[in-house]
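Number of protein chains: 2
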Amino acid sequence: MNQIYTSETINDMPQRYRANFINSLSGYKSANLIGTCNGSRHTNLAIVTSVFHVGANPPLMGMLMRPHTVTRDTLENIKEQGYFTINAVPVNLYAQAHQTSARYTPEQSEFDHCGFTSHWQDDFAAPFVAESPMAIGLRLETIQKIEANQTELVIGRIERVLLREQAVEEDGTIDISQLSLACVSGLDTYHQASGIAKMAYAKPDKAPTALKLFNTDQ
Amino acid sequence: MNQIYTSETINDMPQRYRANFINSLSGYKSANLIGTCNGSRHTNLAIVTSVFHVGANPPLMGMLMRPHTVTRDTLENIKEQGYFTINAVPVNLYAQAHQTSARYTPEQSEFDHCGFTSHWQDDFAAPFVAESPMAIGLRLETIQKIEANQTELVIGRIERVLLREQAVEEDGTIDISQLSLACVSGLDTYHQASGIAKMAYAKPDKAPTALKLFNTDQ
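Going line by line, the protein sequences match chains A and B. So in the UniProt record's numbering, spot 185 of the first sequence is number 185, and the numbers just go up one at a time. So in the UniProt record's numbering, spot 154 of the second sequence is number 154, and the numbers just go up one at a time.
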C-alpha cells in the first residue's frame with residue numbers, strides 16, 4: 001500500500017475535501033432518480049446514490065437521506081404521499097440526471113428543467129421517469145432514523161416494476177448490462193459498466209465457475 | 001415500457017426467482033470483502049454487496065446483513081471484536097471474491113481457501129486484504145435492527161484507509177477508475193466500469209458541465 005490515512009489524517013481534512021474522500025470509499029453505486037409529487041401532483045425529481053437492496057420477501061428497497069440537503073422536497077413528498085419511484089439512470093442521460101441535484105425552487109419541477117418526461121401509471125401515486133429503462137414504484141414502508149448521525153433511512157415496498165427490455169433471465173436475474181445504466185462514485189463522477197461474468201452458486205469443494213461470460217469487447 | 005410487473009406478479013414468483021429479480025433492481029453495487037477475526041485472531045472473509053456511505057462527519061459506512069446467511073460468522077466476529085475491514089475487490093480477483101460466499105466451516109478461513117493474503121496493520125484489530133487497492137479499517141459504531149424485515153444494519157466508523165495508488169484528486173475525491181475495481185449486480189454477476197465524466201456542482205441557472213472527461217477508449 002502506498003498511502004495510509006489514519007483517523008487523525010481524516011479528521012484534519014477540510015470539510016469539503018473529507019466529504020469527497022469519504023463518499024468515494026463506498027466504490028461504485030447505482031445512479032437513480034427519485035420521482036415524487038405533492039398533493040397537487042406537482043412533481044419532483046432528485047438523483048440519489050444511496051439506494052440499496054433490503055429484502056426480497058417482502059420486496060423492500062431502502063435509501064438514506066439527509067434531511068437538510070436538496071432531497072428535502074423528496075423526503076417531504078414521500079412522507080406526505082406515501083409513494084415514490086426509483087428510476088435507474090441510463091448512461092446517455094447522466095448529465096441531465098446530475099443536474100437534478102441543483103437547488104431548484106419547490107415551484108420548479110426537475111422533470112421540466114432537466115429534460116425528463118413524467119410517466120403516470122393509471123392508479124400509481126408517484127411519477128415514473130419515461131426515459132428510464134428500469135423504473136420501480138414503491139409504497140413507503142417505514143422511515144427509520146439512523147442513530148449514529150440522524151440521517152433518515154427510507155424503506156419502501158416494491159409495488160411495480162417497469163422494464164424496457166426483455167432482460168429477465170431464466171432464473172429471475174435482470175441482465176442489467178442490457179439496459180446501459182450509469183453508475184456513480186463519490187459525489188459527482190459517472191461511469192459505465194460492462195459485464196464480466198455471471199457466477200455459479202459457490203460451494204466449498206468446487207472451484208469458482210462462470211455460468212456465463214460476457215463479451216467484453218462489445 | 002415493454003414489461004410491467006405488479007405486486008401480484010412479484011408475489012407469485014417462486015422464492016429463488018424473486019430473490020434474483022428483486023436483488024437486481026438496485027443496479028450496480030460495489031463488491032467488497034469484509035475482513036474479521038475472532039478472539040484468537042482466526043480470520044474470516046466474506047463478500048458483501050450492501051456496503052454504503054452513511055456520513056462524512058463523523059466518517060461512517062454501513063452494511064446490511066442477514067443474520068442467518070453465510071455472513072453470520074462475520075457478524076459474530078464484529079459483535080465480539082468491535083472491528084472489521086471493508087476491502088474493495090479488484091476486477092482480476094472477482095472469481096476468488098465470489099468464492100468467499102461458499103459455506104466454509106468456521107474453522108476454515110476464506111483467506112486461505114479463496115486465495116487472499118491477510119495483512120495486519122500493527123495495532124488494528126481486524127485483517128485487511130493485501131490484494132485490495134482500497135481497504136478501510138472500521139470500528140463498530142452501532143448495530144441497528146431494520147424494523148421492516150429484521151435484518152441488521154452494521155455501522156462502522158472509519159479509522160484507517162489504505163490506498164494502493166496515488167488516486168486522490170485535488171478536491172479529495174478518489175479516482176476509483178484508476179483502481180480497477182469490480183462491481184456487482186444481483187447475486188452473482190460481476191462487471192467492470194470505466195469513467196465517463198466528473199461533473200461540476202450543479203446550479204439551477206447553469207447547464208450541466210463536466211470538470212473532467214475520461215478517455216473511454218482506454
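Hints may contain errors.
Keeping only pairs whose Cα atoms sit at most 30 Å apart, straight-line, the calculated DSBU-like set for lysine-lysine is [unchecked claim]:
(1) A:K145 to A:K79
(2) B:K145 to B:K206
(3) B:K212 to A:K79
(4) A:K203 to B:K212
(5) B:K79 to A:K145
(6) B:K212 to A:K145
Bear in mind the hints are in silico, worked out from the structure with no lab data behind them.
Going through the hints against the structure:
1. A:K145 to A:K79: 14 Å, holds
2. B:K145 to B:K206: Answer violated: K145 (chain B) to K206 (chain B) is near 42 Å, above 30 Å.
3. B:K212 to A:K79: With Cα atoms ~37 Å apart, K212 (chain B) and K79 (chain A) exceed 30 Å; violated.
4. A:K203 to B:K212: It is violated: about 43 Å lies between the C-alpha atoms, which goes past 30 Å.
5. B:K79 to A:K145: Measuring from Cα to Cα gives roughly 21 Å; hence the hint holds.
6. B:K212 to A:K145: The given pair, whose Cα atoms are some 36 Å apart, is violated under the 30 Å limit.
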